[in-house]
Amino acid sequence: MMSVNFEELSKLVIDGDTDAIKSAVKNAINDGADPLEIVDKGLAKGIRTVGEKYGKGEIFLTELLMGAEAMKAGMEIINPEIQKQKKELKKVGTVVIGTVSGDIHDLGKNIVTALFSAHGFDVTDLGVDVPNEKFIDKLKELKPDILGLSALMTSTITKQRDIINTLKETGLRDKVKVMVGGAAVNEDFVREIGADGYAENANDAVIKAKDLLK
Amino acid sequence: MRPVLEFFSSDEIYEIHQTSLDILERVGMKFESLEAQQTLKNVGVEVDSKGVARFHSDLVEEYIKMAPRSVVLRGRDPKKDVYLRNDRVAFAAGTGMYVIDGNKARKATYQDCCNWAKLTDAVKNVDFTCEIHSTDMPSELTDRYNFKAMAMNTTKPFVGSALSKDGVLDEIEMAAAIVGGKEELRKRPIWWAGYAAISPLIWSENACTVFKETAPYNIPAFVEGESVVGGTSAVTVASTLAQTNAEALSGIVYNQIIKKGRPCILNLGFTHPMDMKTCLALHGNVVSGIVAAGGNQLARFYGLPSAAWMATDSKVSDAQCGYEKALTGIIPALARSSLIFGMGQAEFTFAVDFEKLIIDEEIVNQMKRVIDGIEVTEETLCLEAIERVGIGGNFLTPKARDTFKFIQKETTELTVGDRNTREKWLEAGGKDIGQKAREKVNEILTTHEPEPLDKDIIKKMDEIIENAKKKVEAKK
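Chains A and B are the protein sequences, given in the same order. Quick note on the numbering used here: the first sequence kicks off at 2 and runs consecutively. Quick note on the numbering used here: the second sequence kicks off at 636 and runs consecutively.
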């Protein structure tokens, strides 16, 4: 077995080089590398580095998302291989996410979704203007670890409260961690409505979600 | 298109120009230097017994044409040279004799002058720097000491003051020592000579001397009409511009007579309106900005570089300071003033504020984005990216990859201001812009090492200062 350069794989994620990463992952598999190691020592390490750089304000949001996209491209190659070898990726968590009813802003939610996926979460995106009942139905159906509620406008963030109240009434509140997001959301609001957490940006959201699932 | 702010139609510019010529012909300009009077007479200017020179308009127009369209201000490091043109904007640090510390001002020292030079050497947007006037050195020698302080602590082009004829000659010697002799100084004049007319309509003995003594080295001449609007010029901006333009034009004519082709800057931007109640000359008043912008349009009419001053009359680094700096900066910047002074300036032109320089660095960053304008090309219109992203997507994904190269150019970032949410801001310490600027000043002053000046050059400068000291003492 040839030695696989995991550093190089990380670097391709950091550089957001979607094309190069596909062939690099293929080569690594052909060289006989363990697909789980390719993820762990290569791709995942890369996306963590990108996140750290973003957290420090060293790179733009676009570079963070290019990294996420490269990660996704690499994972698309590697997932069938993992299945073929009957191995299993370490489970990170499942997420149901959507923008609350009355609000059609999806930029923030999409970015969070891309980042969650890149970090190995299994994400179901319900889209925008999602009625409260749909969130509840999906929760019952998919039993995710995390429910993500996005609301940009100060006039719609109250919907986040409504949904949490419904969760309480239907006995579902303890079964899921609720994360809320949006420009007007802050720590006080999270406490007030009884959510579990929020984050200032997509990268922090990933960190927060991992914390909540510990 | 890069935006250019204009206050006058071409007819109006011509009318102001014509009024300036009328002033020089009908009222004239007093030259207090006998030598200068003779110089003017030699080329046919009529000078009366009181030293008032009356210029024919064709003579003025003939000599103005001799001044070059672009002026290079040279630094100790040639890479730091600044090219002044009337379609570009460069930025310069301010000057003063006080240093603001919190809400107090104290007299500047020689060490302050060194620190000021060092700070301006480190701050990126300062293209050109000015001395601050130290008050702890013998008053007759302050100009030489300040020159040394500046030369040792910055490789950028700078200007010092020249307080006497001896002072000018010594500073020429010091400049020559830096570039390696007087012959070299002619090729790389790393100094400039700036003087303002005394409004209304007088060129002082000292101004004429400074222009004369620095002419052989082709040192750029900063020729200023600097009236106090409403006091030493009429209260209307139009008349003020016509008069200060006449003053500056006559100064440029004089410089061209002494040395044809000498680089000159037509500066009407240090003209400030008077407070008609307190009699103070107001620097942060927006009228200062529009006078400078109008002055630049005149300078462009002659094909000459110009200048302006971003200033504030506030005593502390407060909201007034912020808005006055931004307004008196952006107006001349949009009018393409060649060199805008005043970074770090506060309290009229009396004081400098080190932390304000850091804040002004940020204001200048923002202004540069405005004057860069909106670039319209096939590439910047990004039609292909719009097609790829399609309906309902976003422009942060790789589909818009070819637009990412414009991020840095199209957007702006802050260096000390804050654009975060309250939570993130509190997390980082909840500091205001002043606090952060203060920290940055301390960091620069403790870590920045300006390119050192050769020991022999410093020795030569010390000798020049020592000789000057002896001369001054002998006179006493």
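Please note that the accuracy of each hint is not assured.
[As the list claims (entries may be wrong)] Derived pair list, reagent style DSS-like, types lysine-lysine, alpha-carbon separation capped at 30 angstroms: (1) A:54 / B:759; (2) B:950 / B:822; (3) B:1071 / A:57; (4) B:1034 / B:950; (5) A:57 / B:817; (6) B:1059 / A:215; (7) B:950 / A:209; (8) A:209 / B:1059; (9) B:753 / B:715; (10) B:753 / B:700; (11) B:715 / A:211; (12) B:1044 / A:57; (13) B:950 / A:46; (14) A:57 / B:950; (15) B:759 / A:23.
[Said to hold, decoys possible] These stretches of chain A come out as covered by chain B in the derived footprint (C-beta under 8 angstroms, 3 or more residues): (16) 55-63; (17) 105-117.
Honestly, the hints are just simulated from the structure, not real lab data. The structure displayed is predicted, hence computed values, not measured ones. Yeah, the Cβ is synthetic: ideal placement off N, Cα and C, and Gly gets one too.
Hints, verified against the model:
The hinted pair formed by residue 54 (chain A) and residue 759 (chain B) meets the criterion: a straight-line CA distance of about 24 angstroms does not exceed 30 angstroms. As the CA atoms of residue 950 (chain B) and residue 822 (chain B) are separated by approximately 42 angstroms, the hinted pair breaks the 30 angstroms bound. Annotation: proposed proximity of residue 1071 (chain B) to residue 57 (chain A) holds, straight-line Cα distance about 17 angstroms (limit 30 angstroms). The straight-line distance between the Cα atoms of residue 1034 (chain B) and residue 950 (chain B) is roughly 51 angstroms, outside the 30 angstroms bound, and the hint therefore fails.
Between the alpha carbons of residue 57 (chain A) and residue 817 (chain B) the distance comes to roughly 51 angstroms, so the proposed pair goes past 30 angstroms and is violated. Restraint check for residue 1059 (chain B) and residue 215 (chain A): the C-alpha separation of about 24 angstroms stays at or below 30 angstroms, so the hint holds. Taken as a hint, the residue 950 (chain B) and residue 209 (chain A) pair is broken in the structure, with Cα atoms around 46 angstroms apart against an allowance of 30 angstroms. Our distance criterion of 30 angstroms between C-alpha atoms is met by residue 209 (chain A) and residue 1059 (chain B), whose separation comes to about 15 angstroms.
For the given pair, residue 753 (chain B) sits about 15 angstroms from residue 715 (chain B) by alpha-carbon distance, which is consistent with the 30 angstroms threshold. Pair hint residue 753 (chain B) plus residue 700 (chain B) does not hold up; C-alpha atoms about 38 angstroms apart against a cutoff of 30 angstroms. Of the supplied pair hints, the one linking residue 715 (chain B) and residue 211 (chain A) is violated, its CA atoms being roughly 50 angstroms apart against a limit of 30 angstroms. Proximity of residue 1044 (chain B) to residue 57 (chain A) is assessed by CA-CA distance (about 21 angstroms); at most 30 angstroms being required, the pair is judged to hold.
With a C-alpha separation of about 52 angstroms, the suggested pairing of residue 950 (chain B) with residue 46 (chain A) is violated against the 30 angstroms cut-off. A distance of roughly 36 angstroms separates the Cα atoms of residue 57 (chain A) and residue 950 (chain B); the hinted pair therefore is violated under the 30 angstroms criterion. Taken as a hint, the residue 759 (chain B) and residue 23 (chain A) pair is broken in the structure, with Cα atoms around 42 angstroms apart against an allowance of 30 angstroms. Closer than 8 angstroms: that is the beta-carbon criterion, and the stretch 55-63 of chain A has 3 residues meeting it against chain B, so the requirement of 3 holds.
Under the rule that three or more residues need a Cβ within less than 8 angstroms of chain B, the assignment of the stretch 105-117 of chain A holds, with 5 such residues.
In terms of the numbered hints stated before, the structure departs from hints 2, 4, 5, 7, 10, 11, 13, 14 and 15, listed from lowest to highest.
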